[in-house]
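K.L.:
Model the full assembly from the supplied sequences, consistent with the hints where possible.
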Amino acid sequence: MSRQSWVLVVVAGILALATLVGAVVLAVRVVRTRRLLTGLGAGGKVAFYGALIYTIFPVDILPDPIYLDDMGVLAAALIYLTRLVHKRRAADRRLPGQPDAPPAPDRTRSVR
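Our numbering numbers the first residue of the sequence shown as 1 and each following residue consecutively.
Hints are computed from structural coordinates only; laboratory data are not their basis. Each hint should be verified, as a subset may be incorrect.
With a straight-line Cα cutoff of 20 angstroms, these simulated SDA-like cross-link-like pairs (lysine to any residue) come out [unchecked claim]:
#, residue 1, residue 2
1, Lys-45, Val-21
2, Lys-87, Arg-32
3, Lys-45, Arg-34
4, Lys-45, Thr-55
5, Lys-45, Gln-4
6, Lys-87, Gly-41
7, Lys-45, Met-71
8, Lys-87, Val-30
9, Lys-45, Gly-72
10, Lys-45, Leu-84
11, Lys-45, Arg-88
12, Lys-87, Met-71
13, Lys-45, Arg-89
14, Lys-87, Ala-42
15, Lys-45, Ala-91
16, Lys-45, Ala-75
17, Lys-87, Arg-29
18, Lys-45, Phe-57
19, Lys-45, Thr-19
20, Lys-45, Leu-78
21, Lys-45, Tyr-80
22, Lys-87, Thr-55
23, Lys-87, Ala-75
24, Lys-87, Gly-39
25, Lys-87, Arg-34
Because the structure is a prediction, the values reported are computed rather than measured.
P.N.:
Quick look at the structure:
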């Protein structure tokens with residue numbers, strides 16, 4: 001093999017390893033959110049299990065040495081689950097009997 005071929009093989013190996021590490025990090029973060037699934041409803045459970053099944057399933061949009069599609073699905077699930085957690089925490093902070101949103105200010109009166 002020529003020197004250029006070895007350089008290409010090494011660069012491709014480094015890129016594949018970097019994307020694999022990224023996919024594993026995202027998968028670990030998604031799995032850590034699993035403990036919050038009980039309060040997130042059906043949408044959270046579908047996003048969680050759907051992302052994990054897609055990542056593990058051998059049939060992908062892109063071949064498995066390229067983990068970009070897996071990383072995209074995991075990142076999207078993580079973003080969705082994070083939004084659900086923030087909504088849940090905001091709802092838990094409200095006092096019982098408190099309205100969902102504060103009343104809008106009355107802008108019909110003129111200021112003199």
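K.L.:
Does each hint fit the structure? Answer for all of them.
P.N.:
How the hints compare with the structure:
1. Pair hint Lys-45 plus Val-21 does not hold up; C-alpha atoms about 24 angstroms apart against a cutoff of 20 angstroms.
2. Straight-line distance between C-alpha atoms of Lys-87 and Arg-32 comes to about 18 angstroms, which keeps the hinted pair within the 20 angstroms bound.
3. Among the hinted pairs, Lys-45 with Arg-34 is consistent with the structure: their alpha-carbon atoms are about 8 angstroms apart, no more than 20 angstroms.
4. Taken as a hint, the Lys-45 and Thr-55 pair is honoured in the structure, with Cα atoms around 15 angstroms apart against an allowance of 20 angstroms.
5. For the hint linking Lys-45 to Gln-4, the alpha-carbon distance of about 48 angstroms lies beyond 20 angstroms, and the restraint is violated.
6. Note on Lys-87 and Gly-41: the hinted pairing holds, with a Cα-Cα distance of about 12 angstroms set against a maximum of 20 angstroms.
7. Taking the CA atoms of Lys-45 and Met-71, the gap is about 18 angstroms. The hint holds against a cut of 20 angstroms.
8. Taken as a hint, the Lys-87 and Val-30 pair is honoured in the structure, with Cα atoms around 17 angstroms apart against an allowance of 20 angstroms.
9. Taken as a hint, the Lys-45 and Gly-72 pair is honoured in the structure, with Cα atoms around 18 angstroms apart against an allowance of 20 angstroms.
10. The hinted pair formed by Lys-45 and Leu-84 meets the criterion: a straight-line CA distance of about 11 angstroms does not exceed 20 angstroms.
11. Using a Cα cut-off of 20 angstroms, the hinted pair Lys-45 and Arg-88 holds, with the two alpha carbons roughly 14 angstroms apart.
12. A hinted pair counts as satisfied when its Cα atoms are at most 20 angstroms apart, and Lys-87 with Met-71 does not qualify at roughly 24 angstroms.
13. For the hint linking Lys-45 to Arg-89, the alpha-carbon distance of about 17 angstroms falls within 20 angstroms, and the restraint holds.
14. Distance hint between Lys-87 and Ala-42 is fulfilled; the C-alpha atoms sit about 15 angstroms from each other, no more than 20 angstroms.
15. Only pairs whose Cα atoms come within 20 angstroms are accepted, and Lys-45 paired with Ala-91 is accepted, the gap being roughly 19 angstroms.
16. Between Lys-45 and Ala-75, the direct Cα distance comes to roughly 15 angstroms. Compliance with the 20 angstroms bound is thereby established for this hinted pair.
17. Distance hint between Lys-87 and Arg-29 is fulfilled; the C-alpha atoms sit about 19 angstroms from each other, no more than 20 angstroms.
18. In summary, the hint linking Lys-45 to Phe-57 is supported, as the alpha carbons are separated by about 18 angstroms, within the 20 angstroms threshold.
19. A C-alpha spacing of about 26 angstroms is found between Lys-45 and Thr-19, which places the hinted pair above 20 angstroms, so the restraint is violated.
20. A hinted pair counts as satisfied when its Cα atoms are at most 20 angstroms apart, and Lys-45 with Leu-78 qualifies at roughly 12 angstroms.
21. Between Lys-45 and Tyr-80, the direct Cα distance comes to roughly 11 angstroms. Compliance with the 20 angstroms bound is thereby established for this hinted pair.
22. For the hint pairing Lys-87 with Thr-55, the CA-to-CA distance comes to about 26 angstroms; that exceeds 20 angstroms, so the pair is violated.
23. Restraint check for Lys-87 and Ala-75: satisfied, since their Cα atoms lie roughly 18 angstroms apart, inside the 20 angstroms limit.
24. A C-alpha spacing of about 11 angstroms is found between Lys-87 and Gly-39, which places the hinted pair at or below 20 angstroms, so the restraint holds.
25. Taken as a hint, the Lys-87 and Arg-34 pair is honoured in the structure, with Cα atoms around 16 angstroms apart against an allowance of 20 angstroms.
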